[in-house]
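**Student:** These are the residues of each chain, in order.
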Amino acid sequence: MTSVLIIDDNPTIRAMLRLIIQGEEYRVVGEASNGAQGLERALAVTPDIVCLDVVMPGEDGLQVLIRIKEELARTAVLMVTGKNDRDTVEGAIARGAAGFILKPFRAGTVLDTLAKTAASLRAPRRPQPTIGTLAIPAPNDAFADMRP
Amino acid sequence: MRNDAAFDPTQLIALGASHEGAQLILQGLVGNMVATGADQLAAARSAWEDGRRGEAARAIHTLRGTYGTLGAELFAASALELEVAIDAAREERVAVLFEASERALALAVELASLWLARGQPRSGCLPGGAMP
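Chains as they are written, first to last, in the working numbering: chain A, 1 to 148; chain B, 149 to 280.
To be clear, the hints were calculated from the coordinates, so they are not data collected in a lab. Backbone N, C-alpha and C define an ideal beta-carbon position, used for all residues, glycine too. One or more hints might be untrue.
[To be verified] Label-pair restraints from in silico Cβ distances:
| # | chain 1 | residue 1 | chain 2 | residue 2 | range |
| --- | --- | --- | --- | --- | --- |
| 1 | B | G199 | A | P57 | 28 to 34 Å |
| 2 | A | P11 | B | A254 | 21 to 27 Å |
| 3 | B | E240 | A | E70 | 43 to 49 Å |
| 4 | A | D87 | B | N180 | 29 to 35 Å |
| 5 | B | R266 | A | L121 | 40 to 46 Å |
| 6 | B | D198 | A | A44 | 39 to 45 Å |
| 7 | B | E247 | A | D112 | 34 to 40 Å |
| 8 | B | D198 | A | T46 | 41 to 47 Å |
[What the hints assert, rightly or not] Here are the simulated SDA-like pairs of lysine to any residue, each with C-alpha atoms no more than 25 Å apart in a straight line:
| # | chain 1 | residue 1 | chain 2 | residue 2 |
| --- | --- | --- | --- | --- |
| 9 | A | K83 | B | T210 |
| 10 | A | K69 | A | A94 |
| 11 | A | K83 | B | Q159 |
| 12 | A | K83 | A | D60 |
| 13 | A | K83 | B | L172 |
| 14 | A | K83 | B | S261 |
| 15 | A | K69 | A | D85 |
| 16 | A | K83 | B | E168 |
| 17 | A | K83 | B | A190 |
| 18 | A | K69 | A | R122 |
| 19 | A | K83 | B | A170 |
| 20 | A | K83 | B | A225 |
| 21 | A | K83 | B | A248 |
[Said to hold, decoys possible] Selected chain A positions facing chain B (in silico; Cβ < 8 Å):
| # | residue |
| --- | --- |
| 22 | I13 |
| 23 | V55 |
| 24 | A107 |
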């Protein structure tokens, strides 16, 4: 079973993600409402996947992403965001994000993204970032000349 | 204006049936939108009118993601345009889009109230299929 940690300051989004994710294939192993709590929780439970909000008060999602990847290189981080602008997407991928869940989200899209990410974790090669159901190339190819 | 775009409870119905206790949680989330949605949008408008542009944009961003995920699709679409207009400081466009977003949210809240009152109907249509 794949373990998932949810980090988002919005209680409605956390509750919706938990309802969507929790099931036979995934176990939600924790929630946090800010980056500091989220990092602490991630270090304690070492989840397979983190669903991480981008826009949060205090330390934002991109800063937390860097710290999670420094400490837990094998954990895949999916950025939960309402912003799919180039800067956000490229910034997150450059920092090691495995993919994106775009808000507002639907259950099917979230589960699709999780399934692809979980499959990438099991695969021997480097995980490929995904946005919803759309797989995008890993940063070492198509994004190589676009990274900040 | 389609009612199911203003408030589409399809996802909520499916999630409500998927776990024990989920229905109660979802009723709480939708109830919160009904109870506080208009006030939160009004607060975002006040922030804009007081010149706190960043605060207004962040508030609209949050409301769009939250209420859109709960099924207020029309509001989410309008709020996305509003967020872009706020970021670009297009004052006339912002005023128009605040009004459109307020109408869309009011309709979502009306339909969501009805959905809550009825238990869990398949759609948010008003009695007799009338448009609000």
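**Student:** Run through the hints listed earlier and report the numbers of any the structure violates, in increasing order.
**Tutor:** 1, 13, 14, 16 and 19
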